[in-house]
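Enquirer: Build the full structure now, drawing on both the sequences and the hints.
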Amino acid sequence: MTARIHLSPPDVGPLEESFVIAAVRSGWIAPLGPEVDAFEQETAARVDRAYGLATNSGTAALHLSLLALGIGPGDRVVVPTLTFAATANAVVYTGAEPVFVDCEAGTGNLDVPLVADLLRRHDIEGRQVAAVVPVDMFGSCVDYDALLPICEQAGVPVVEDAAEALGATRGARPAGTFGQASAFSFNGNKILTTSGGGMLLSDDGDLIAHARYLATQARQPVAHYEHTDIGYNYRLSNLLAAVGRAQLRRLDSMIERRRAHRSRYAELFANVPGVRLLAAEDGGANCWLTTVVVDAGQAGWHAADLGAHLAAADIETRPVWKPMHLQPVFAGARAVLTGAAQTLFENGLTLPSGSAMTADQVDRVCGRIRDFLRHRPSTRLEVPEPGRRHDPEPASAAVPAL
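If you're matching positions, the sequence shown starts at -10 in the numbering used here and goes up one per residue.
Calculated directly from the structure, the hints in this document are not laboratory data.
Quantities reported herein were computed from a predicted structural model and do not represent experimental measurements.
Ideal Cβ positions, reconstructed from N, Cα and C, are used throughout, including at glycine.
Each hint should be verified, as a subset may be incorrect.
Calculated lysine to aspartate or glutamate pairs in the EDC-like style (CA-CA distance at most 20 Å, straight line) [what the hints assert, rightly or not]:
hint: 1; residue 1: Lys311; residue 2: Glu335
hint: 2; residue 1: Lys311; residue 2: Asp352
hint: 3; residue 1: Lys311; residue 2: Asp294
Listed next, with one range per pair, are the computed distances between beta-carbon atoms [said to hold, decoys possible]:
hint: 4; residue 1: Ala34; residue 2: Gly160; range: 15 to 25 Å
hint: 5; residue 1: Glu270; residue 2: Gly144; range: 46 to 56 Å
hint: 6; residue 1: Asp132; residue 2: Leu326; range: 33 to 43 Å
hint: 7; residue 1: Asp352; residue 2: Arg116; range: 51 to 61 Å
Expert: Quick look at the structure:
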């Protein structure tokens, strides 16, 4: 049987194994420990932030950042409607209300002019916007050159949801350096994984200190257990931090392979009418997931048709995130919409992008796509024969993406 090709499975191997064995032998098994301390310092240094706080998920990092900024009941927080549910959920955890804003058609990232219009109104039905949480979609940074001055002028803090963007850049600045705080995810399907985990980063030492206190059950610094605030069990395991430290050492090579995959896809679709790659012009993207957007009127087929064709060959794909304003749990939520996010949801398809994919697997995916295109009248004569490009370093057996 031909093994299933997953969208973005974990990419781990001998280096991660050696780090975990060393951590086990050190005796530091429970959450916290020297691996956590080192992982925080190394991640902060990698993205040029002063402080890092390792957490057990990216969602926890977002939640803590909002709490540390004083976000709570009665507040409204701007959230992209095109995002994973965790971004909006973290707002709801604080008791605040998400206000969903549409995206740019070309990148899927937050539509900054819409945010500007919203903030110029100063408040929404008597309640001010308390924070903006942009998301670096699929590893491509938001237009922070435009967004940050607008938020600064309005006195509204920014929390960068960089869950998918570790290793990406905008200009000379790394993802994770924008706003008062930022959050990474180290889930099993991300560019860098700790199995499960996340990181809150900031240049504000007081913000990180307060978040650290809340993340450790808000325990007071006394011999007995005493609590004056509600806290959370949000810290990262020392063993998982060891995996993260090994992954950091391989991060550049893993990003390079994902970018190579995107180049293959770009060549394959270059002359196909009605098909484009999302954020194709962003040279600083980490290419966590490559997404094709299909105009069925020009292409003669739908993104779902390609997805079904690849599924029949045991190749995993996924639609673009279903917008939050269309989710039943957020029915009736306030939203500022242009229709761009819904269009991407209906016409976008993410392709296998994992750095653990072998050259044979990439060839198999591209071959199946090429076969699909050749049977479409509008593309029958347009499909190139991309050559085999690279063979990534050995990785462990594929594990289903989360």
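Enquirer: Does each hint hold? Answer for all of them.
Expert: Hint-by-hint comparison with the structure:
Proximity of Lys311 to Glu335 is assessed by CA-CA distance (about 9 Å); at most 20 Å being required, the pair is judged to hold. A hinted pair counts as satisfied when its Cα atoms are at most 20 Å apart, and Lys311 with Asp352 does not qualify at roughly 29 Å. A distance of roughly 18 Å separates the Cα atoms of Lys311 and Asp294; the hinted pair therefore holds under the 20 Å criterion. For Ala34 and Gly160, the Cβ-Cβ distance of about 20 Å falls inside the hinted range of 15 to 25 Å, so the restraint holds.
Here the CB-CB span from Glu270 to Gly144 is close to 32 Å, at odds with the stated 46 to 56 Å. Between Asp132 and Leu326 the beta carbon distance is about 19 Å. The supplied range of 33 to 43 Å is therefore violated. A C-beta distance of roughly 54 Å is found between Asp352 and Arg116, which places it inside the suggested range of 51 to 61 Å.
Violated hints, in rising order: 2, 5 and 6; the structure is consistent with all others.
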